[in-house]
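Undergrad: The lines below spell out each chain.
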Amino acid sequence: MYEQFKARAEGVSAEVYRLGTKAEAVDFVVGFLKREGVADTPKRYALWADSPLLAEIDRAQLQDIAGLKFEVSRQLAAEARFGISQMEWALADTGTLVQDSTAVEQRLVSSLTDIHIALVPTAGLLPDMPALLARLTPENSGYISMITGASRTADIERVLTIGVHGPERLIIVFVDDMGGTH
Amino acid sequence: MECDFKESIQKALQDANLTGALGKFSEAYKINRTKAYEGIDFEALRGKIAEIKSYAASNLDQLSDLFQQNAEARGATVFRTNDPAKVREYIARVARENGVKSVVKSKSMATEEIHLNPHLEKEGISVAETDLGEWIIQLAGQTPSHMVMPAIHMTKEEVADLFSKEVDERLAADIPRLVKVARNELRPRFLEADMGISGGNIAVAETGSIVLMTNEGNARLVTSLPRIHVVLVGIEKLVATYADIAPILKALPKSATAQQLTSYVSIITGATPNTDGTMKDLHIILMDNRRTEMANDPKFKQALQCIRCASCLNVCPIFRLVGGHVFGKVYTGGIGTILTAWFDELKKSEDIQGLCIQCGSCKDVCPGKIDIPELIMEIRRRLVQEQGLPLIQKTIYSVVNNRKLFHGMLRAASIASRPLSSGGFLRHLPLFLAELTDGRSLPAIAAEPFRDRFKKIVQPESKEKIAFYAGCLIDFAYPEMGEALIRILNKAGFQVVFPDEQTCCGAPARYNGAYEVAAHNAVDNIKALLQKDVAHIISACPTCTVAMQHEFISTFESLGQTEWLPQARELSEKTIDFSTLVTKLVEEGRLSLKEGTTLGAVTYHDSCHLKRTLHATEQPRELLQKAGYELREMPECDTCCGMGGSYSLKLPEISAPILQRKMKNIRTTGAATVAMDCPGCVMQIRGGFDQNGGDVQVKHTLELLEEQLA
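Sequence lines, in order, name chains A and B. Going by the working numbering, the first residue of the first sequence is number 1, and it counts up by one from there. Going by the working numbering, the first residue of the second sequence is number 183, and it counts up by one from there.
Derived from the structure by calculation, the hints contain no laboratory data. It is possible that part of the hints are untrue.
[As the list claims (entries may be wrong)] Chain B stretches covered by chain A per the calculated footprint, using a threshold of three residues with CB under 8 Å from any CB of chain A:
no.	segment
1	198-211
2	336-345
3	359-370
4	425-435
5	439-445
6	449-457
[Said to hold, decoys possible] Pairs of lysine-lysine, BS3-like flavour, derived with a Cα cap of 30 Å:
no.	chain 1	residue 1	chain 2	residue 2
7	A	K43	B	K347
8	A	K6	B	K230
9	B	K776	B	K756
10	B	K206	B	K347
11	B	K283	A	K43
12	B	K362	A	K43
13	B	K212	A	K6
14	A	K43	B	K338
Even for Gly, the Cβ is constructed at its ideal location relative to N, Cα and C.
The shape of chain A in the complex, shown without the other chains (with noise of 0.2 Å):
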């Protein structure tokens, strides 16, 4: 499933990457960052939405990280350059991922920033749309997110063209050991 998962994902424009731990992943997340030029400066902020995967690994080592914020509002997201946060399931056939995002933060991280890091645990693949749909309901989440690539338009002389309102780059990090909430 992981491997039509990517083929699917990056045929629309994601970056798809897998990783085997925790650690691995918040290291991934840090280089990233600090390749792309996180700054504690307007237009250069990262904001990463409360996550379980933040309760379980070892904070240290992002506390000094210039520019990268814990606390969520919607005027920091219109000023950061970078969202983080957890997705729970990504769909193989279609390359989606799939949140509980009735907490509003999860939606400002995703879609006011010029590039959303996904962190998806392995476990939540699932084949398909139905699988998903049996598994989240709208009983117990107010507002479910299903994201797909990045944010695209083809309006003006059908002429393709990535980050209109959402961001323009989608950074998808499955790892494996990482339990869902699931």
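Here the structure of chain A is known, so what remains is to put chain B in place on it, guided by the hints.
TA: Just chain B now, kept in the frame of chain A:
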């Protein structure tokens, strides 16, 4: 036909940007759509969707109640009304009571349907469309020309001009840069808006959920940032259960834009927290606006199965020439014609329903399994019922309804037009008919119709009889096709009978909404064709075959006439088209094709009725190949040739460019001959090549096969 309607067609046809963009898109769309559906059983999928939506259409009240109950239990306010004016008032009131100054909208056809924006603007509220295409046309002061791609008619240069004015800076026509401008301009609008207005792709009764699909990400912002969210959905968007959304989520993006899934899907159930910790003020408006009435109409109920993918626009040979604006201000294309007739008024569809050439392409791809061409025919029928036929048509049909008079006039026309015809074509028609031959020669009417020639044909006696239904074109324009057909059937051991009382199949009347005339034709033909004991009734014209196999029955049913239904069914059972019958006879060993001959290259044109109603696509191809022809497929082999019976006479300005495109596609194969199974298509395409180089031979399949069959 209204003068300004004809003018709007002319304007669209002359708009090179529009026809260029739509033409290119429609070519790519067909290929990409096929790719998107690879490995998926489309028939099963659309069967499921039709079932889900049809169930909902039968239970609109009950599902609306359930939706309201569930959404309100989760903190939403649900407002239900039949009246667009009440929707506008409701939204304006919510805005007033909450001191709303600015609104951001994500794309919603329902708000277009009720012309919401001007109403809010009159209240002093600023409204920003945030879907890029919608924003472009909002800035341009236009209306959407396509349901999914509202600004497809505009060039990047035009967009650059609009945006330049907006940001007060000269912008180049660089698309990625223009998209960034839109992002930067609209971002503050999202952040400052007090109210977000969205439509809904699906409304789930069981859970009270709204499903929203977008690619740009604007719907996520519209539903997350402002403290008030108003959803406007037509009640046809209701489905019963949460599981019902899966097939729609699967088909809609594939059919709309050939995507596996839109970039973003949001499923919103009840009020959720705002960014300041308060709860969202969520209003959901379930709008009827004649949808219940539609659900109660046995014919039109199926139109509620539409999921608004616009694939009927994308495959329509007319839409790609004229675009959406010719259709009106809101819903466009095939389904748009139907929705306009209902949500606006029947009268409004009077002109646009005439744009449909009845090729059936849309019916093949509709994920809601709606028989769009049939519903457009029903609109025609009702218009004729309400307003009567135009005088000229009334005169024509009173003639067609009297076989002796009709055939007598055709004979007279043959004599009258003789001085004008050269080489079997009418070069010029007298007076007002002249423009009808523009770009295409019409065949001369035969000096001796088939019905007279038949009497002189000597056939070997046989106990096995087949009745031949000639149809007007073979009878009066191409009698040689009828003669060739008889020779072929004689070789198979049949004796052909030709019931003299047969008359027009009624298709021209039916396609113009004159069902009473078509029913009269049907009765005459049933009487004529069922009088002798025959194995089959064969026609070499797919339109006539479809009339006898399907339309006699449906015409009687539409009119509620039952007297001739059993006989119509009997006739239907016996009727068969040329290629299907010959294939059967070859399989049975009654006919064989001479082997070992090489006859050169042909390309094959699929006639609309043969492919999409009779489903005979492989038979003629296999026969031609077995006969020794090399088959070279052309692009868009199954796209209409633009004939459409009287369509080419009523809308020659549309028919002509469709024919040009067909000829261009034929020429790309380099084949010297194009084969087809329909004398109507022969008339159109042969006439086209006669006026444009005459470099390609146009033949009915039976003409190419006759010599090779033994």
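Undergrad: It remains to establish, for every hint, whether it holds in the given structure.
TA: Hints, verified against the model:
Counting residues of the segment 198-211 of chain B whose CB lies closer than 8 Å to any CB of chain A gives 4, so the stated coverage by that chain holds, three being the minimum. With 4 residues bearing a CB less than 8 Å from a CB of chain A, the segment 336-345 of chain B meets the requirement of three and the coverage assertion stands. Under the rule that three or more residues need a Cβ within less than 8 Å of chain A, the assignment of the segment 359-370 of chain B holds, with 7 such residues. Counting residues of the segment 425-435 of chain B whose beta carbon lies closer than 8 Å to any beta carbon of chain A gives 5, which reaches the threshold of three, so the coverage claim holds.
Chain A is given as covering the segment 439-445 of chain B, and this holds because 6 residues of the stretch bring a CB closer than 8 Å to a CB of that chain, at least three being needed. Counting residues of the segment 449-457 of chain B whose beta carbon lies closer than 8 Å to any beta carbon of chain A gives 9, which reaches the threshold of three, so the coverage claim holds. Between the alpha carbons of A/K43 and B/K347 the distance comes to roughly 27 Å, so the proposed pair stays at or under 30 Å and holds. At most 30 Å may separate the alpha-carbon atoms for a hinted pair to count; A/K6 and B/K230 meet this at roughly 29 Å.
For the given pair, B/K776 sits about 29 Å from B/K756 by alpha-carbon distance, which is consistent with the 30 Å threshold. Using a Cα cut-off of 30 Å, the hinted pair B/K206 and B/K347 holds, with the two alpha carbons roughly 29 Å apart. Note on B/K283 and A/K43: the hinted pairing holds, with a Cα-Cα distance of about 28 Å set against a maximum of 30 Å. At most 30 Å may separate the alpha-carbon atoms for a hinted pair to count; B/K362 and A/K43 meet this at roughly 15 Å.
This hinted pair checks out: B/K212 and A/K6 have alpha carbons roughly 26 Å apart, not beyond 30 Å. The suggested pairing of A/K43 with B/K338 holds, with an alpha-carbon distance near 29 Å, which does not exceed 30 Å.
Violated hints for the displayed structure: none, as all numbered hints are satisfied.
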